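For reference, the chains in residue letters:
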Amino acid sequence: MHTWHFSEMAYHPAWAQLNESYRVIIPSRLYDPKVGADLYHRYLDEWALCDELGINIMTNEHHATATCADSVCTIPMAILARETKKVRLLALGMPIANRENPIRVAEEYSMLDVISRGRIEMGFVKGVPFEISPANSNPADLMERFWEAHDLILKAMTSHDGPFSWEGTHFHYRSVNIWPRPYQQPHPPVWMPVGSQGSASEAAARGITIGVLNTGWTATPGIFGAYRETAAKCGREFNLHNLAYMALIGVGKTREEGWRRADQILDYSRTSGIVAPQFANPPGYVAPQMAATAIRGTATTARATRLQTRDGKPINPRTVNVEDAINAGLVFAGTPDDVWDQLKAFYDHVGGFGHLLMMGQGGHISHEDTVDNLTLFSKEVLPRLTELG
Amino acid sequence: MERIDVGEVSIEALVHGAGRPLLFLHGIDYFAQQVPFLYRLADNFRVIAPRHPGFGATRRPQWMRTVGDIAYLYLDMLDRLALDHVILVGSSFGGWVALEMAVRSTARLGGLVLIDTLGLKFGARDEPEITDIFALSAEEVIKHNFADPAKAPDYATIDDAALEEVARDREAAALYGWRPFMHNPSLRHWLHRAKVPSLVVWGEQDRVVRPSYGAHLTQLLQNARFLPIAAAGHYPQIEEPERVATAIEAFARENLP
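For the record, the sequence lines run as chains A and B. This note's numbering puts the first residue of the first sequence at 1, with every later residue one more than the last. This note's numbering puts the first residue of the second sequence at 1, with every later residue one more than the last.
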């Protein structure tokens, strides 16, 4: 089992001034660059510490939001590729259907891979619906563009005999010839986040590692099951390291301390989905049947009911508490023993997975608490994870 | 609804009435709410109202991605049906399609009626003229489209199949018109090719695209008249169907074959 520490680099100082949308339309005058600079350095310090603790590093990106100030997932990686020496670096990831230029993505990842001497893992993401507006990206043919960009990036990384030409539906290049080529051969491992069994199967058919977020106790087994089945059907050798699960983790010397930390990190879940409804359902982003539900005015409800306790009770993400979040498998929290027990039970319930994406920082948790959280995890929980392969 | 096969596209279309052919091209939304208006037009015309590829039950071939493609499809359709002196009526997004047809060929057209049309860019690069309805709340979308919000359909009460069609229509509109948003930057430079008499109809309360945009278009078209409709928004044919139908009938009489 590999563990990755993830933070959205939130700009939480603005949250108190926001109401019905934390995304897309919020004015940047609410962002104080001096406070923001301190926060960036603080989050980078926490990631740099991971190199000593033996915890791998994960970044992501979002746009026009106070919930995540990491608007370019490869920028922290560019810093950490040199600041760290040992751990692996996962950017999960690059919204390749929203970026105009896949060749630039191939160059960025390749350069990072070389600088880090082969420690990059590259994520390609569809992006949440609220990313459509900031990118001005056409939602009606998003996945078509996603897969074309994916294919072009991998071809660019694995072609070493001079230029080739690409005249696709969405991308056109007469001369693709990227320098440097990646350090890892044939290319760095590819990841994508998924939220449904259908997307899990698409990833499985291509041998892409999936990361699931906020799917919890009830939805995760089906998604992992779909992946395993499709991999078998396609004759691909299934490996637990094809599956990653993200949980919010709060470890403390006492249960109270661990829960307090988890409660602070849970502010990520409580704020992340707050967005004006029209940005949650851009036309064509989902199939008409699902979009129809949202047009009826239940978009917020539909998203909310994705979270549920293990006996199916819906959880409101805006008010979720630690106890329900633990029950739902979204949070592992308490003493190191508590965290291990919860994690092991979840692992067995879903049929195993090879990567734990640990949100060890989120919301208002302080730097000191984050450092202690990560340190306790690495000393007391991490060694036991070797049991899980 | 009937089917008209043109090339590889099986076009779903409302076809009704007898008389001079009138091709009606619908806009982004509210097709169902325009059907009574189409039947009213059928009192005096043979009305053909196709659902554009990707909208309604007309399947879109994957390669068909531009409004120019739709324009060629309907020009082919007019050839296939051998229609002449056609009154071409386009509303909103459908007005954009109609303009793209007219600048390509007016051979089968007898007149052009543009109702609160989209498709053009007149202003500065940081002055949007077409409201981004996809960035508005549901309540604001209705306020922008209707002078009287009570005339808008209530999506909370319509059935699932109808609502799915609404979602499909929005997806198709996005596919063709997402960027540049609902216009073709070079179209205004070809308007001189639309050499048919034109009637530009505009809801005075349209907040999707303002009457001044329609007035500007009227100046650029040859032989065009501007007709503002009071107490109507982006879809005057829904809010003031009798006024619009009467105006189209008068326009057709003024421009007999």
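Everything labelled a hint here was simulated from the structure, so no lab data went into it. Please read these numbers as outputs of a predicted model, since none were measured by experiment. One thing to keep in mind: the hints can contain errors.
Below, a sample of chain A positions facing chain B; criterion: calculated Cβ distance under 8 Å [claimed, not checked]:
id	residue
1	S133
2	S175
3	N177
4	A276
5	P282
What follows is a list of derived Cβ distance ranges for each label pair [what the hints assert, rightly or not]:
id	chain 1	residue 1	chain 2	residue 2	range
6	B	E2	A	A78	56 to 62 Å
7	A	E144	B	H85	46 to 52 Å
8	B	W190	A	S71	35 to 41 Å
9	A	G389	B	G7	26 to 32 Å
Even for Gly, the Cβ is constructed at its ideal location relative to N, Cα and C.
At a threshold of 8 Å, is the proposed contact between S175 (chain A) and chain B supported by beta-carbon distances? Not OK, violated: S175 (chain A) not within 8 Å of chain B, min 25 Å.
Does the closest beta carbon of chain B sit nearer than 8 Å to the beta carbon of N177 (chain A)? violated (28 Å)
Range first: 46 to 52 Å. Now tell me if the beta carbons of E144 (chain A) and H85 (chain B) are that far apart. Between E144 (chain A) and H85 (chain B), where Cβ atoms are some 41 Å apart, the hint is violated.
Take a look at whether the Cβ-Cβ distance between E2 (chain B) and A78 (chain A) falls inside 56 to 62 Å. Check passed, 60 Å falls within 56 to 62 Å.
Interface hint compliance - P282 (chain A) to chain B, C-beta minimum distance less than 8 Å: Check passed: Cβ of P282 (chain A) comes within 6 Å of chain B, closer than 8 Å.
Would the hint on S133 (chain A) stand, with a C-beta cut-off of 8 Å toward chain B? For S133 (chain A), the interface hint holds, since the closest Cβ of chain B sits about 6 Å away, which is under 8 Å.
Does the Cβ-Cβ separation between G389 (chain A) and G7 (chain B) fall within 26 to 32 Å? Distance hint for G389 (chain A), G7 (chain B) is violated at roughly 56 Å.
Cut-off 8 Å, beta-carbon criterion: hint that A276 (chain A) touches chain B: Given a least distance of 7 Å, the restraint on A276 (chain A) holds.
Outcome for the supplied range 35 to 41 Å, where the beta carbon pair is W190 (chain B) and S71 (chain A): holds (40 Å)
Consistency note: the structure conflicts with the earlier hints numbered 2, 3, 7, 9.
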